Every structure is written in C-alpha cells, then in structure tokens.
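Q: Protein sequences, first through last, are from chains A and B.
Take the first sequence: its position 199, counting from 1, is numbered 198 in numbering that gives the first Met the number 0, and each next residue is one higher.
Take the second sequence: its position 51, counting from 1, is numbered 50 in numbering that gives the first Met the number 0, and each next residue is one higher.
These are calculated hints, taken from the structure and not from any lab test.
None of the values given here were measured: they were computed from a predicted structure.
Cβ coordinates follow ideal geometry from the N, Cα and C atoms, glycine included.
A hint or two may mislead.
[Stated by the list, open to error] Partial list, computed: chain A residues near chain B (C-beta under 10 Å): (1) Phe107; (2) His182; (3) Glu185; (4) Glu213.
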Amino acid sequence: MSLQQSVEALRYLGLFSSLDAASIMSPAVYALHPEDRVAAARSLMREKSISGVPIVDADFRLVGIISVSKIIEALADGRLAEPLESAMTRDVVTLHVHDSLETVLSYFQRYKFGRFPVVDEDGKLVGMITDIDVLSAIVQSFYSVYVHDRQRMATIGSFSALSQEFDNSADFSYDISSQGLDHAGEGSARLKAFLQSKGLDESIIRRASVSAYEAEVNVCIHAGGKGSLRAIVRDGEVIVRVEDEGPGIENVDLAMKEGWSTAPDAVREKGFGAGMGLPNIRRFSDHLVIISGKGKPTKVEMIFLANTKLEGT
Amino acid sequence: MTVQEVIGTLDAEIAVQADLTKSVTHGYTCDLLSEVIAKALPGSAWATIQTHLNVVAVASMVGISVIIVCEGRTCEPDVIERAVKEQISILYSRDSAFLVSGKLYALGLR
C-alpha cells in the first residue's frame with residue numbers, strides 16, 4: 000500500500016482530518032536576516048542542534064534558507080564572514096499554514112528535504128516542520144481521539160481499543176445463529192426493542208439499531224451466521240459489540256470504502272452486498288473499532304453518544 | 000395522509016392489511032437494503048421490487064408505514080406471515096417503482 004493510500008484510508012477513520020501544517024509545525028523558530036554572516040548560522044545550528052535556518056527580512060517574510068551543506072560549501076571556500084545573502088538558497092520550498100497532512104507528507108516524499116518553512120497568507124514565516132514534527136502530531140492526534148471518549152479516559156491506564164466492560168457482562172445479549180439471510184436482523188430488532196424499553200432518545204435508538212443491523216447482516220453474509228450481538232447502556236450512551244468466528248476481513252481499509260463488497264451474487268440480488276454496510280456504521284456511530292484479519296474472528300464495536308444528530312434528518 | 004389513502008391513489012392490491020389508518024409522512028424508493036435502512040425516514044411509504052423476508056425486517060427496523068411491492072411481483076407466504084406479525088401493511092402494484100413514486104409524489108409525499 001502506498002503512503003498516499005494509507006493516508007486516504009486513515010481519512011476514512013476521521014483520524015487526521017483536522018491536521019494541517021499550522022497544527023503540525025513547531026511555532027518557535029530560529030531565524031536569521033540576509034545581512035547576518037554565514038558564521039552566525041553555523042554557530043546557531045551547532046548550538047541548537049538544527050540542520051537548517053530560515054532567512055527572513057525585517058517584516059519576517061521568508062527570503063531564503065541555509066542548510067548544513069551550504070555552510071560546508073562556504074567553509075570550504077572561506078566565505079564564513081560573508082553575509083548569508085551570498086550563501087542561502089533563495090527559491091525555498093514552503094508549506095502554507097492551511098496545507099493538509101497529505102500535502103505535508105507528499106512534500107517530504109517529493110523533495111527529500113529535512114525541513115520545510117511554513118508561511119502564512121502574507122508570506123511571513125510562522126513555523127518549521129521536520130519529520131519529527133509530523134510524527135509527534137500523528138501520535139498526539141491518536142491520543143486526542145481517545146481523550147474525547149470518556150469511557151476510555153476512565154480506563155486509559157490499561158488501555159484497550161475495545162471496551163473492557165464486555166469482559167464481565169452486557170445489558171443486552173443475543174446469539175446470532177442464522178442459516179442464510181432469512182432471519183438476519185432479528186438480533187437488531189430485539190436490541191431496538193430493548194433500547195426502547197430503556198426510554199432512550201429516538202435518534203440514538205435508530206443509529207444503534209441500524210448499525211447493529213448492518214453488522215448482524217455482515218455476520219450472516221460473511222461469517223456463516225454464527226456470532227454474538229451485545230450492548231451496554233450507560234448514561235444515555237450505547238455501546239454495541241458484534242463478534243463472529245471468522246473468516247475475517249482481509250483489508251479493513253477497503254471494506255470501509257463505499258461500494259466495495261465481497262458478497263456473492265445471490266446475496267446481491269436480494270439487495271444486500273452493495274458495499275454500504277461498514278460505511279453506514281461509520282456514518283451512524285460516534286466511535287467505531289474494527290479488529291479483524293484474514294482467517295481471524297471479526298470484532299466490531301460501535302459507540303453511540305447521546306445528543307449526536309444524524310446528518311440529513 | 001394514511002395508508003388507506005395511499006391504497007386509493009395507487010389502485011393497489013392489499014397483500015397484508017395492518018393498521019390502514021396509520022400515518023404516512025414520507026416516501027422512499029430503493030432496492031438496496033442498506034440504502035433504505037440508512038436513509039428512509041420513519042413513517043415512509045417504501046416502493047421496491049424486493050420481495051423476500053429481509054424486506055419486512057428492514058421496514059420494521061426503519062418504522063416504514065407501508066411497503067409497496069412493484070412491477071406485479073408478489074411475496075411468498077412466509078413473508079406475508081412475518082409482515083402480519085410485525086404489523087406492516089404490504090401492497091402489490093402492477094406499476095413500476097417509477098410510476099408508484101410519481102403517484103406518491105403527486106400526493107405531496109417527499
């Protein structure tokens with residue numbers, strides 16, 4: 000899988016959609032002026048352990064950059080006392096504050112530089128991005144996904160992608176055991192009735208039962224109709240877990256794509272297998288975790304928060 | 000509008016008669032069940048050419064008021080039985096789903 004494809008797959012999970020150059024960059028930047036001497040850049044780089052220094056004018060507009068290799072050249076030619084103007088690279092490849100993570104990654108791939116200056120609308124230098132900055136931003140955005148989930152906050156000490164409450168018990172439990180598709184959806188129908196009996200809001204009942212239906216149908220189409228459907232209701236929120244015994248999803252990224260399906264023709268003729276199951280679940284749930292693999296059981300866990308409005312309704 | 004009024008407009012045959020005074024507030028036409036379950040609104044009249052058991056399951060899940068089976072198709076007895084149990088009316092129309100949708104649209108359903 001290419002880097003581009005990986006980033007695209009991650010976008011489906013909504014993980015890095017808010018990452019732009021402004022949130023990735025290091026805002027505290029060392030910069031020099033064109034009239035500063037090459038020697039000044041050399042000592043700054045050595046002192047701060049950095050491999051490149053942006054050059055700005057009096058208004059902080061970016062006019063060039065000086066890298067270690069340019070310093071070495073200047074050193075060899077005995078030009079350390081000359082102004083940076085004479086040694087700096089003038090046509091600098093810059094990123095813009097609003098550039099996406101994909102753009103940032105593609106720059107690293109295309110230009111093979113170690114760092115890129117980030118400029119705002121006026122061309123003023125506002126930060127620098129190195130590969131370490133990109134890595135940190137990605138790690139932090141993973142962390143923020145979990146922080147937004149209160150359940151996981153509570154158990155973050157012993158973190159697990161799946162809710163650990165299911166290890167003990169569930170408020171609702173149904174054994175999926177369906178020959179073919181005729182009885183697909185019975186568990187979700189019962190879940191819906193159960194959620195209604197709990198007096199939950201119409202919207203969350205619809206989102207949870209529709210998502211459970213899609214996951215249950217998947218078990219019937221792909222996993223021989225054997226599995227379980229469980230749910231936990233807490234503080235108006237619903238966690239639904241659907242598990243089966245395999246054969247697993249070989250490529251979860253592909254399975255998340257609308258229209259992608261491995262369902263057989265007989266199933267498609269019935270109006271299933273249009274490749275909308277997991278995308279629908281993704282759309283209706285607030286958090287979705289899928290754990291699977293070729294030849295492995297599949298676990299799908301969906302969390303529905305109270306007060307989430309369904310788009311289009 | 001009620002299921003009864005939909006029947007009158009479509010000149011459709013009643014296959015399963017549940018509560019005919021049930022309110023119909025929207026319409027939806029599609030044969031892909033995932034689309035229906037994701038997008039049809041509760042209280043909809045649903046036009047389709049699908050005739051198997053899962054149609055009733057989907058209608059029940061969404062809260063469909065009436066299923067209109069188009070193109071002169073009919074359901075097997077087990078489907079009828081399930082619809083009776085779930086209390087969902089099913090109509091048979093000789094028209095295409097396009098014509099049925101047009102007639103429902105003309106009634107003001109969206």
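Q: Next step is simple, just say for each hint if it's right about the structure.
A: Right, here's what the structure says about each hint:
no. : hint   : verdict
1   : Phe107 : violated, 38 Å
2   : His182 : holds, 8 Å
3   : Glu185 : holds, 7 Å
4   : Glu213 : holds, 7 Å
Checked against the numbered hints given earlier, this structure breaks only hint 1.
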